[in-house]
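For reference, the chains in residue letters:
2 protein chains.
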Amino acid sequence: MSQKSAYNVAVVGATGAVGQKILELLQEKDFPINNLKLLSSKRSAGSKQLFKQEEIIVEEAVPESFEGIDIALFSAGGSVSKKLAQEAVKRGAVVIDNTSAFRMDESVPLVVPEVNKTDLQNHQGIIANPNCSTIQMVAALQPLKTAFGLKRIIVSTYQAVSGAGNEACNELANQSKAYLSGEEMEAQLLPVKGDEKHFPIAFNALPQIDVFQENGYTFEEMKMIEETKKIMHAPDLLVAATCVRLPFFTSHAESVYIEVENEDVTVEDIWKELQQAEGIVLQDDPKEQLYPTPLTAEGKQDVFVGRVRKDLDNKQGFHLWIVSDNLLKGAAWNTVQIAQELIQNNWLQR
Amino acid sequence: MSQKSAYNVAVVGATGAVGQKILELLQEKDFPINNLKLLSSKRSAGSKQLFKQEEIIVEEAVPESFEGIDIALFSAGGSVSKKLAQEAVKRGAVVIDNTSAFRMDESVPLVVPEVNKTDLQNHQGIIANPNCSTIQMVAALQPLKTAFGLKRIIVSTYQAVSGAGNEACNELANQSKAYLSGEEMEAQLLPVKGDEKHFPIAFNALPQIDVFQENGYTFEEMKMIEETKKIMHAPDLLVAATCVRLPFFTSHAESVYIEVENEDVTVEDIWKELQQAEGIVLQDDPKEQLYPTPLTAEGKQDVFVGRVRKDLDNKQGFHLWIVSDNLLKGAAWNTVQIAQELIQNNWLQR
Chain E
1 MSQKSAYNVA
11 VVGATGAVGQ
21 KILELLQEKD
31 FPINNLKLLS
41 SKRSAGSKQL
51 FKQEEIIVEE
61 AVPESFEGID
71 IALFSAGGSV
81 SKKLAQEAVK
91 RGAVVIDNTS
101 AFRMDESVPL
111 VVPEVNKTDL
121 QNHQGIIANP
131 NCSTIQMVAA
141 LQPLKTAFGL
151 KRIIVSTYQA
161 VSGAGNEACN
171 ELANQSKAYL
181 SGEEMEAQLL
191 PVKGDEKHFP
201 IAFNALPQID
211 VFQENGYTFE
221 EMKMIEETKK
231 IMHAPDLLVA
241 ATCVRLPFFT
251 SHAESVYIEV
261 ENEDVTVEDI
271 WKELQQAEGI
281 VLQDDPKEQL
291 YPTPLTAEGK
301 QDVFVGRVRK
311 DLDNKQGFHL
321 WIVSDNLLKG
331 AAWNTVQIAQ
341 ELIQNNWLQR
Chain C
1 MSQKSAYNVA
11 VVGATGAVGQ
21 KILELLQEKD
31 FPINNLKLLS
41 SKRSAGSKQL
51 FKQEEIIVEE
61 AVPESFEGID
71 IALFSAGGSV
81 SKKLAQEAVK
91 RGAVVIDNTS
101 AFRMDESVPL
111 VVPEVNKTDL
121 QNHQGIIANP
131 NCSTIQMVAA
141 LQPLKTAFGL
151 KRIIVSTYQA
161 VSGAGNEACN
171 ELANQSKAYL
181 SGEEMEAQLL
191 PVKGDEKHFP
201 IAFNALPQID
211 VFQENGYTFE
221 EMKMIEETKK
231 IMHAPDLLVA
241 ATCVRLPFFT
251 SHAESVYIEV
261 ENEDVTVEDI
271 WKELQQAEGI
281 VLQDDPKEQL
291 YPTPLTAEGK
301 QDVFVGRVRK
311 DLDNKQGFHL
321 WIVSDNLLKG
331 AAWNTVQIAQ
341 ELIQNNWLQR
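Chains as they are written, first to last, in UniProt numbering: chain E, 1 to 350; chain C, 1 to 350.
Don't read these hints as lab results, they were simulated from the structure. Among the hints, erroneous ones may be present.
All copies of an identical chain are treated as equivalent in the list; a pair is satisfied when it fits inside any one copy or across any two copies.
As the list claims (entries may be wrong) - Derived pair list, reagent style DSSO-like, types lysine-lysine, alpha-carbon separation capped at 27 Å:
hint, residue 1, residue 2
1, Lys315, Lys300
2, Lys83, Lys193
3, Lys42, Lys90
4, Lys193, Lys287
5, Lys4, Lys42
6, Lys272, Lys197
Being a predicted model, the structure only gives us computed values, none of them experimental.
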């Protein structure tokens with residue numbers, strides 16, 4: 001594919017929580033679009049979406065949908081990606097996939113542009129967008145890894161329900177209203193749509209995101225552990241994760257403990273690196289009660305970091321609080337960033 | 001004081017969130033009460049409380065209130081304890097104090113009965129009840145410390161608003177209703193009543209509980225760190241904490257990473273110790289999606305543990321999820337347990 005001035009773009013899962021944010025960003029960033037195709041499951045096909053004052057009818061995603069498409073942005077669930085991503089590639093499109101379908105494939109770059117954008121050069125048609133909770137963590141930790149070396153990460157997450165889609169947001173709202181009216185809460189979706197049991201999320205905390213693996217960890221926890229090592233090119237980095245779903249709509253927060261390699265790092269050193277880092281906003285002033293929260297991060301593209309503290313016992317240990325909008329940097333914005341990088345660096349062609 | 005069959009008991013802060021739970025427990029456990037005096041601030045004095053079908057008028061707490069009292073249970077805030085606890089002791093009462101006023105005093109036992117009840121023997125009139133988030137953690141970890149040795153704790157908390165009192169619960173309910181109706185949320189109390197700025201807690205997470213200390217940690221975090229070492233008699237134990245307030249009413253949850261001393265401990269070994277431990281309920285079966293949550297722990301006196309996993313890199317490392325009702329084991333129930341132990345072991349007298 002030679003360098004073009006505008007591209008034929010397909011958004012698969014255009015009616016979903018992430019798909020909607022992708023459409024907003026493509027408009028906001030004035031992405032160079034020639035023709036935009038909106039695709040979805042059969043169920044959502046036929047609905048209309050407004051894009052730059054033009055009405056676009058959402059079509060059912062089938063292999064032929066990708067004829068003539070240059071860039072296909074997938075966020076319609078792992079099974080759709082497994083079925084259609086290769087079909088898109090076969091027809092000449094470059095796929096940026098938001099699901100976990102291909103992330104750990106050795107031939108698929110897993111990219112957070114601020115961390116490893118040069119991995120994009122090696123794509124073979126499919127590029128994977130990492131898990132939402134992974135993206136914000138590696139974006140905040142990469143500058144510290146570069147400056148001080150990084151030995152270890154132990155993270156406990158505080159994750160919003162929108163990570164489980166629009167239906168989960170409705171469930172939280174409905175359960176909250178029921179609870180506040182003294183009515184029984186109905187749980188039909190969370191913690192995991194396809195799992196056997198469902199529990200209320202309103203005024204509660206569920207220590208299960210995605211299904212359990214044989215080793216007792218959830219898939220979400222294993223995604224954070226494995227994706228972090230792959231994105232950071234650090235197979236020996238020690239990573240541990242506990243992932244928890246909480247009753248807020250947007251933004252994931254993370255309590256992160258790290259151990260750096262240097263022994264003489266101060267909180268001020270960490271601040272300095274974060275202040276200079278691309279895509280990171282430092283919000284850390286205890287005297288002013290300044291720290292990021294899910295509500296203040298909502299709608300913003302940056303990753304916010306606060307509560308930076310040196311461990312009281314381990315001089316290589318630090319604690320951080322990392323917050324970002326899970327639908328933006330955690331999903332749609334990282335996807336659009338990847339597409340922008342492919343174009344800017346002339347990396348679309350294989 | 002010689003052994004009696006029934007005691008004159010004063011409850012200071014009787015109208016508060018913890019005071020109310022203490023009254024419920026004194027009834028439920030048929031605590032041997034001769035005369036019950038309910039005390040409060042001037043503002044709440046005059047209100048009536050039902051105790052075993054008898055109406056008791058709440059009186060303003062003054063030094064003379066403690067004449068003839070054997071056991072005084074304080075939960076009216078640190079300033080009240082600092083003003084009146086010694087007055088109660090002077091008049092012959094043993095004080096069990098729920099505030100942070102005396103916890104780190106060397107002469108004051110800080111007690112979780114399942115962990116260090118024999119410390120009660122050394123009291124000099126005042127006994128401190130630990131911080132809510134500390135109690136449930138040490139209760140769950142002490143059996144593991146005894147069996148396998150304990151080197152290190154890194155905890156991230158998920159704390160309910162009731163830890164900040166009834167007013168904070170009202171604030172969460174009101175903000176939630178406002179948000180769901182599309183109205184602006186009013187924040188007048190959380191994260192810390194006496195601090196300068198207030199932020200919405202509904203559909204949010206606030207990484208500040210209690211005021212910030214000079215070292216960048218909050219007082220809640222320092223309480224967890226210092227109290228844990230004191231209760232466990234482990235000055236060299238490495239403890240780190242990050243404390244976060246969340247939008248649920250009751251029960252604190254904790255994501256806890258520990259390192260034990262033994263190298264060959266398995267998840268099954270941990271399960272076995274927890275199953276045999278007093279006051280602990282193991283709820284850990286990933287196949288059945290069984291794990292504790294704030295809602296399922298609410299109203300129960302036990303400490304619930306689930307999500308026990310061996311760290312994937314460190315063979316001495318384990319991850320646990322610990323949940324308990326912050327008003328019961330975290331406050332009122334631990335207080336009443338201490339009073340029971342004092343009586344049963346004839347440790348009231350100094």
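Evaluation of the provided hints:
1. Lys315 <-> Lys300: Neither, since 33 Å and 40 Å both go past 27 Å.
2. Lys83 <-> Lys193: within (20 Å within a copy, 54 Å between copies)
3. Lys42 <-> Lys90: within (22 Å within a copy, 78 Å between copies)
4. Lys193 <-> Lys287: between (42 Å within a copy, 16 Å between copies)
5. Lys4 <-> Lys42: So lysine 4 and lysine 42 fail the 27 Å test inside a copy (32 Å) and across (77 Å) alike.
6. Lys272 <-> Lys197: between (46 Å within a copy, 26 Å between copies)
When held up to the earlier numbered hints, the structure conflicts with 1, 5 and fits the remainder.
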